[in-house]
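Q: Generate the whole structure from the sequences, applying the supplied hints.
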Amino acid sequence: MAPIPPFSASEIAEKARRDLLLLLEGIRGKKNLVLEKALTGSLNLLVKFSTLQEYGVDRLFFLENDNVDSSQRNVVFLVRGEKAKTVMAVAEQIKRIRRDSQIEHEFSIFWVPRRTMVSDQLLESAGVLGEASVSEWPLFFVPLADDVLSLELEDAVKDIYLRKDPTSIYLSAKALMLQQQKYGLFPRIIGKGDNAKRLANLLIRMRTEVTAGESTNSGPSFLGLTPSSTIDSLVIIDREVDFPTVLLTQLTYEGLIDEVFNITANQAEVDSSVVGGAAPQPGQTGSASTSMKRKVLIDPKDSLYTTLGDSNFAIVGNLLNKAARRLQSSTERNQLAAKTTAELRDFVAKLPGYQAEQASLKIHTSLAEEIIKHTHTDIFTRSLEVQQNIMSGADPTTQHDTITELISRDIPLPTILRLLCLESTTNAGIRPKDLETFKRAIIQAYGPQHLLTLSSLEKMNLLQPRGGSSLGAMPAAKPGSVTNYTPLRKSLRLWDDEVNEADPNDISYVFSGYAPLSVRIVQSIIQKQTLANLIKPSSNPQASAQANPLAQGLRIFDDASKYVRGATFDETQTGEEKAVKARSMLNGNHSDGAKTVVVFFLGGVTRAEISALRFVGRKLRDVGGEGRGSRIVICSTGIVRGEGLIGCAVESGRFEG
Amino acid sequence: MSKPTANWEKVGDKFYRKVQLYTDVFDQDLELENYNVVGAPYGGAVAIYRDEDKIYAYRGAQTAKSSIDIYSCAGKLIRRINWDKGSIKGLGWSEDEKLIVVTADGTVRCYYHLQSDFVPFTLGHGAEEHGVQSCKFYGSGFVALLGNNRLVSVSRYDEPRPKLLATPPSDPVVSWAIIPPAYSLSRSVEVILAIGTTLYVVDATDAEDRDFTAGPFRHISVSPRGEFLAFYTEDGKVWVVSGDWSEKLSEYDSRAKTVPKDMQWCGSNAVALAWEDEVHLIGPRSVATKFYYDAWVHLLPDVDGLRLLTNEVCEYLQKVPDETVEVFRLGSDSPAANLLEASSLLDQKSPKADDLIQLIRPSLDEAVNTCIKAAGHEYNIHWQKALLKAASYGKSVLDLYSSDDFVEICDTLRVLNAVRFYEIGLPLSYDQFKRLTPEKLIERLTNRHEYLLALRIASYLHISSDKIHGHWAQQKVRISTDSEEAICTLIVKKLHGKPGVSFEEIARAAYEEGRVRLATELLNYEPRAGKQVPLLLGMKEDTIALDKAIESGDTDLIYHVLLHLRKKLPLASFFRVINTRPVATALVETSAHDQDRDLLKDLYYQDDRRLDGSNLLLTEALAQNTLGPSLDKLKLASKYLQDSRDASATFQRSALDDAAKLLRMQETFEKDLAQSQSSATPIPGASTSMYIGLSAHQTIFALLRAGHTKRAQKIQHEFKIPDKTYTWLKLRALVSARHWTELEELSKTKKSPIGWEPFFNECLAAGKTNYAALFIPKCTGASVAERVEMWTKCGLLVKAGEEALKAKDRGLLEDVRSKATGSAAIEVERLIGMLPGGRR
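Residue numbers (our numbering), protein chains in the order written: chain A, 1 to 657; chain B, 1 to 840.
None of these hints come from the bench; they were simulated from the model.
One or more of the hints may lead you astray.
To be verified - Heads up, simulated PhoX-like pairs for lysine-lysine below, C-alpha to C-alpha not over 20 Å straight-line:
(1) B:Lys163 - A:Lys30
(2) A:Lys433 - B:Lys720
(3) B:Lys750 - B:Lys724
(4) A:Lys373 - B:Lys793
(5) A:Lys459 - B:Lys601
As the list claims (entries may be wrong) - Beta-carbon label-pair distances, calculated as ranges:
(6) A:Pro487 - B:Ser573: 42 to 50 Å
(7) A:Arg99 - B:Arg597: 23 to 31 Å
(8) A:Gly393 - B:Leu569: 50 to 58 Å
(9) A:Ile103 - B:Asn625: 23 to 31 Å
(10) B:Ser363 - A:Thr51: 45 to 53 Å
(11) B:Ser363 - A:Gly26: 41 to 49 Å
Remember, predicted model here, so these are calculated numbers, not experimental data.
Using N, Cα and C, we set each Cβ at its ideal position, and we do this for glycine too.
A: As structure tokens, this is what we get:
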């Protein structure tokens, strides 16, 4: 019997689903569900609306709209309980309904993912705690694909980097801890970044707390806190370590869909003129026909999409072409050849599959066309040019004219800010004089409210004057406070001139040249041999397959860490020897190759990085792992993209007269 | 040894047995008839209190004092709770042996751990005005009947949410009962009320009349698992109805003139009626048997039987388990009975033993199983031994037999016999033990302070003993008279490093006992920060609590402490506390940003964070919806920075001043131009006003678009906007306003700060190829190929050809030719001919 692989997406989804339905079942009769908007995506991924209806949900309301009516006696709130603001919103609405409604209501609140003391305190002081029955829906990881688990914390980036609010870190630790309790401890926790270290410390701390809290009697927990034999390690990457990767324009197909249409919870909102309004897709939710936007499901299980999603956009046209031809020939030939009834039956049985594929092909062709339109605009090419120049190590000041020109042309502010932040983060800041010029230009071009935007960016360390903060409090660029790309470009080979997009041989294909630093760091831990050969090709081609001196120990990782900002850590978690043995006996012995490596991106992961990591995973599987596991599971606080990262800072208000 | 069947009683075709559990239970002076008696489920403790409605002999002031006394089944006083809190309208037990006391005013007190500490809550829903009439309890909750016939249900005690059930008619309730949620069809509690001659079933949503006419029903009783209902009618009949009300199963005429004082189910098979000293047991098919006592008898129902309690004895009445019947029934020839016989013959060294075994050989394993099970159900140690011996004999004959059940029963029986011992007084039946689970049994033992036995059982059954240790330690800190150091060292010595021991709970106990220092000391051994915090707050160790909360990383805890501190401390000291803790400061900032801007302002001022303070004022300025206050706020924001000298502050100040200046200029434009432009469409984004709120660039753009060049130049001058930018703005404004002639004018000027390509591109993008073409010759920086491309884009292929010809580029020319059609093609062909080398 093969044990369930740890971090199994379907299992996690199933558990979350069951938990919610059980909660709903606990409330008798029909109910109105009030949902926080941020949870819609996760809910959509886990439960169909029809299932909710089966469990008595009559109508859905959004907490933000504050419009839940008194049509049902039962009112259920499904909201995150970490922020005082949402708690107060719930309290206000309960009060409002109680005041306005004729009938007596039963209120239930399901806090996601946990009930907090503060929420109790606030509800109590608002005088509604006694009215509502309170429970919690422990929703942590939401699987976006088989190998991608996201906490879907919308505010994580803003909280961690702008407000320095560690809630997301704590929730991440909780989520990982739950997995540890199930599958055993991560034998090793390794990573980079100050917040990542905080997360690692929390995990270690929680381990002692859990041990203290649990009694030794129950079997699973006794085993649960010994190192797992199916997980190799946990790699934590702090987003702060590698902002540039987020700021760059992603060049994979999935990445570009995200850039152009913005994917949330596997759904992209696309203008119906692009994909056509008719032909309801299996994934389409009951969106109102009045809106001109249509939701398109970016389904990681769609066979066509799996080949497309991770490819560089340059070859997507070809792939679509090929798929179209294959589909056409298979349907046609079959029609002609189908002579016997048995063949005919076979063909008919396959028809729905063909039809689904046809529909998916149609959607992706139109999406790709739309993206091509976008990529052919002057602005896109100009900004991409700047990005590529900066990443390949050109003197950033040579790009200033282009950026200034783009500002004069009034292109969207986030695009400008992405370029500036990219320059700042790759070059340890922008020359103070230049920065001031740019700041002035931005304020003049986009309005004085962006003084706040700029100050937020500065707080997030995205846009800094070179030589530390201008307040003069910090000494100039002390080691570990900024990432120094100049040595890294060489030592980790971050720039690849001979990138092959059609048949990639390195992760650099996702950005057509730049190999994301975050993924390089992961590689330096789990794919040392390949990376070593890439950086320093051995003179003797025969020997290269074996020991490259660079691949020994954690040399690459250690060398690189020196130039990357933030703390470095490498902790091993061991357990009682007896228990370890018991566990390995229970699970059978695994070769290292089949082990799982969990990569956790604190502060969000981009789709391009996911593609890159999948590429690494595929290579590892081919060679059966390089001393470490080969199944890579990507976990994160959420999916992030440049616009989102910058968007945290952008001030939306403006002066009114 | 008395026969095992001695206490059996045949009711119909079933046997019932009355097991004598304990004798000499209560003091003879205790007039049990004047007391209300309730027993906790699973042979748990018994609580009694004097029935206030009955008169009793005065025995001096001492006994007149009211109290609730908790006894074990064997009559050992566990705890006396002095009672002066009003009249008790409901007394009951929860499954985990919490004593629930409900008083007339709707206050519920929940006594846990068999201690005299309690957690109170109130029923509400009008209980105070109308008063509580009576209460019915089930495993995890209860229902209270109020004076106005409303029913209030409480379904849990850890977080009680009293809920009102549907309203029944207001006629007087004769009797009532409840079906626990676990056994009702709707999975929520249901109440059966006898009102008038009929019955009502009430749940959360409606009160349904069941249309009975045989009432009034004096007693209603629901079987332990809700499968049957029993009613006692006015004329002395007992009706048994199935739990889904679908059929009437039996009717029994008690022929009694007086209404019995109690009616309870005995397990799920029989109904017991109790008068003062007489008990009728009515089995299925309306057959009955009677028991007589010399004293007042109380019925304490349990899951699989009924406890009968008088001053002298505590007896357990239950249906004899099938296995026991099989073994012991007179004249039984079942294999198990034969096996038992064989085993006793073996003891007597009689050779017949083997004959018997051979006789039952085919069904021997069944016989062994039956004997094992019967042993489990047996109370008498002698017969337990006999049965086990028989089983052991039987299985020795069998070739293959799994002894797991045998071992398990032996273990269980040891435990059961130990706790049934009169000093412990927990008369658990085998089934009760299985349902209670060993863990809960240990909890009950620790609540009775039987630590040694609890530990022994825990180690015997391989159960964790952490809870026992914890409980012991709590008790230790409560009652020990040793010095605090001694207690602490003792506890730490015994418990440190044991997983699962909560030092927090021990510390809390110490703190509640007033031993603060000991509590602090003990708390240091608690590894879970989350656990430490609430207690620390309670102990007023605020800063330590904050530090611990931060250490835990749990923002909820930190917020919790911060909220607490904010309420308690004056602002200045609050800031002082958070100042040195960046995480706390960040959290205060975050939440204050959403909710309490003034606090934030104070915080920035206190910390001298000028830039942040100024930003906050800017945010406020943006939030204003009229210009006046916005300008005031901007001024304040700028003023906030006037003492700061560093670069960013200076920059911020000048930017703020510029913003104000721009706004004022925009205001004038607005006034001057509003009329003249009212017909023009405003730029997207500008909602109500034309200019206010735009950036400097946007203002220039809007002005140029409307043709106000002078004003635009003024802004350019005022804000030192570079020429390049200005040219771009002008270009875009002209194109967007479609002022082509002006563009044409521009093309005649000599130089452009941004070159001419943008002009070409913008015109082309606007679809005006002829105007775009104007700029091509001026793009001197572009290469020939680029220019050819530009011409081609404008559709002027001949021009493109000429351009190529000028550069004598054959390749380009041929390219152009391939694109050209009609006359243009001929023309291009001609141009190719003009190339040196001819047409080739």
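Q: Each hint should be assessed against the structure and marked as holding or not.
A: Hint-by-hint comparison with the structure:
Distance restraint check for Lys163 of chain B and Lys30 of chain A: the Cα-Cα separation of roughly 18 Å lies within the 20 Å cut-off, and the hinted pair is therefore satisfied. Between Lys433 of chain A and Lys720 of chain B, the direct Cα distance comes to roughly 16 Å. Compliance with the 20 Å bound is thereby established for this hinted pair. For the suggested pair Lys750 of chain B and Lys724 of chain B, the alpha carbons sit about 15 Å apart, so the restraint of at most 20 Å is met. Pair hint Lys373 of chain A plus Lys793 of chain B holds up; C-alpha atoms about 17 Å apart against a cutoff of 20 Å.
Distance check on the hinted pair: Lys459 of chain A and Lys601 of chain B sit about 18 Å apart at the alpha-carbon level, within 20 Å; holds. At about 49 Å, the CB distance of Pro487 of chain A to Ser573 of chain B agrees with the hint of 42 to 50 Å. Hint check: Arg99 of chain A to Arg597 of chain B, Cβ distance near 27 Å, so the stated range 23 to 31 Å holds. Look at Gly393 of chain A against Leu569 of chain B: about 54 Å separates their beta carbons, and that is inside 50 to 58 Å.
Against the hinted window of 23 to 31 Å, the Cβ-Cβ separation of Ile103 of chain A and Asn625 of chain B comes to about 38 Å, which falls outside the hint. In this structure the hint that Ser363 of chain B and Thr51 of chain A lie 45 to 53 Å apart at CB holds, the actual value being about 51 Å. The given range of 41 to 49 Å is respected by Ser363 of chain B and Gly26 of chain A, whose C-beta atoms sit roughly 48 Å from each other.
In the structure shown, a violation is registered for the earlier hint numbered 9 alone.
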